[in-house]
Amino acid sequence: MNLVPEKVGAWLSDTGPEGDVVISTRVRFARNIEDVPFPGRMKFSEAELVLDTVHWALEESGYLKEGKFFEPGMLGQDDGLYFVERHLASPDFIASRSPRGLFVSTDERLSVMINEEDHLRFQALAAGLDFATAFKLAADLDERLETQLEYAFSEEFGFLTACPTNLGTGMRASVFLHLPALVLTREIEKVLRGAYAVGLLVRGIYGEGSETRGNLFQISNQRTLGQSEAEIIEVLTSVSRQIIDYERKAREYLMHNLRVEIEDKVFRSLGILRGARIISSDEATNLLATVRFGVILGIINELKMSEVSQLLVLIRPANLQVIIGEKLTPAERDERRATFIRQKLVR
Amino acid sequence: MKICDLCGKREASLSVRQLDKEGRATELAICAECAKKRGFTSVEDLKKNAAEILAELKAKVGEQDETRVCPRCRLSYADFKKSGRLGCAECYRTFAELLAPLVRRLHGSVQHVGKGRQRGRKRAQERLELARLRAELEQAIQDEDYERAALLRDRLKRAEGEGAS
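Quick mapping for you: the protein sequence lines, in order, are chains C and U. Numbering-wise (my numbering), the first sequence opens with residue 619 and increments by one. Numbering-wise (my numbering), the second sequence opens with residue 483 and increments by one.
Derived by calculation from the structure, the hints in this document are not laboratory data. Every value quoted in this text rests on a predicted model; they were computed, and no experiment measured them. Any given hint could be a false lead.
As the list claims (entries may be wrong) - Restraint ranges, calculated between C-beta atoms of paired labels, are given here:
1) U:ARG601 x C:GLU870: 52 to 62 angstroms
2) C:GLU852 x U:ARG616: 43 to 53 angstroms
3) U:PRO583 x C:ALA713: 23 to 33 angstroms
4) U:GLN621 x C:LEU819: 42 to 52 angstroms
5) U:ARG616 x C:THR765: 20 to 30 angstroms
6) U:ALA641 x C:ARG762: 22 to 32 angstroms
7) U:PRO583 x C:GLN860: 25 to 35 angstroms
8) C:GLU925 x U:ALA560: 47 to 57 angstroms
9) U:ARG575 x C:ALA713: 29 to 39 angstroms
10) U:ASP636 x C:GLY817: 47 to 57 angstroms
11) U:THR549 x C:PRO709: 32 to 42 angstroms
12) U:ARG605 x C:THR633: 33 to 43 angstroms
13) C:LYS683 x U:ARG616: 23 to 33 angstroms
Backbone N, C-alpha and C define an ideal beta-carbon position, used for all residues, glycine too.
Turn these sequences into a full structure, and let the hints steer you where they fit.
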């Protein structure tokens, strides 16, 4: 694999705007090619044709120079999961059996899935709350691909997608939020209900159906039709700003009223991470998230926030295996994970 | 007791208003038997009939909805209801009026207002068309359908010419 396993993309190694609350911003587009059945209904030969055509279109648009193209043979279960854990591909994509391809830019800010649920699913990631950057990256790719490809489109329904939930703009915009103070003060339910009430979707950070780990949440638009791309982003930005505000107020409250308890929680988490000999990825995720909280609050000074954020991805099963360069059993993984984290955190 | 205006024998149970060519109304009192003979029905009967007809129609249309099939990808509406996924762009035209209420429920709208589609030369798409024509030509030769093969060969030549210009 050509990606640098120990380094997670620019969207995690930088600390973007409002980085104390918003880890990253994502903009994803779903597109299909006119005249070819959607991936769920196409023949093997048509899937190959789409793969070849999009590959060529990417090459013509100059994108292939800026990253790497992975074909099905290179996307086995483990390598596939590696991309899922880095938020560059979806679990459905990895599970699919039709000819498919994945393009990932060197800095991991752009990725394109070919023949997932739609012929094309591409996304841009930016550090912090930064829709301007993420949208521009994704929209530029969209425009360059559109000089090559005839998208399935209707005046009424907009861009046509396999599932009617993606119709219209085909755009799903989201923010990844770290909300430990709102969870600790039990205000989180109220906030999430509020987001839901204005038509936004709230999920755990690893997508649909995944429970929330480490107080990490993903908020995205539910509707894709009847609102322009700019309107969707506007709503998400304003709701994000409100949540950021709430979270910071809750942090202030905690530091003012429960400082010792918070310090205790943070240092215990760091203590376990620095001392453990066996650790599961779920436990590590929760502890690392608490340590990240400690860094944000200034309780821990010797670690950088981006360093801890990156670890959240690197310790996941498939990433850990790629870093170590071996296929491991779950028990071996828990042991090697503990060692890896110690090496990173003990100064 | 009113006597039927038509038979002049039985007791009238219906009152029917008739309009002549000049638009003048005449009121007729008719008995049940004559009404049946002449094809007059009461409002109650009419209401009952309408409900039956509608239900029958609905069942028929519903059946048609389920078995309606997209001409391009052969997906039926029943397939869509099972999987929640449509098969191709043509499905949206085939099932347009069936999808509209669903789309409205999902998005609160059935009218796209975002970015439009760009027009222009699509070179990758041209390549895809050529590849498809070549595959079809190969298939036609394999099937020994030479008439079709000749047709495809001409189309391919034209397409290649356009691609090169």
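Hint check results:
1. U:ARG601 x C:GLU870: 52 to 62 angstroms: Given a distance of about 54 angstroms, which is inside 52 to 62 angstroms, the answer is holds.
2. C:GLU852 x U:ARG616: 43 to 53 angstroms: holds, 47 angstroms
3. U:PRO583 x C:ALA713: 23 to 33 angstroms: Given range 23 to 33 angstroms: holds, Cβ gap about 32 angstroms.
4. U:GLN621 x C:LEU819: 42 to 52 angstroms: holds, 45 angstroms
5. U:ARG616 x C:THR765: 20 to 30 angstroms: Since U:ARG616 and C:THR765 have Cβ atoms about 24 angstroms apart, the given range 20 to 30 angstroms holds.
6. U:ALA641 x C:ARG762: 22 to 32 angstroms: holds, 24 angstroms
7. U:PRO583 x C:GLN860: 25 to 35 angstroms: holds, 33 angstroms
8. C:GLU925 x U:ALA560: 47 to 57 angstroms: holds, 54 angstroms
9. U:ARG575 x C:ALA713: 29 to 39 angstroms: Holds: the Cβ-Cβ distance is about 30 angstroms, inside 29 to 39 angstroms.
10. U:ASP636 x C:GLY817: 47 to 57 angstroms: The hinted range 47 to 57 angstroms holds for U:ASP636 and C:GLY817, with Cβ atoms some 53 angstroms apart.
11. U:THR549 x C:PRO709: 32 to 42 angstroms: holds, 34 angstroms
12. U:ARG605 x C:THR633: 33 to 43 angstroms: Given about 41 angstroms between the Cβ atoms, the range holds.
13. C:LYS683 x U:ARG616: 23 to 33 angstroms: holds, 29 angstroms
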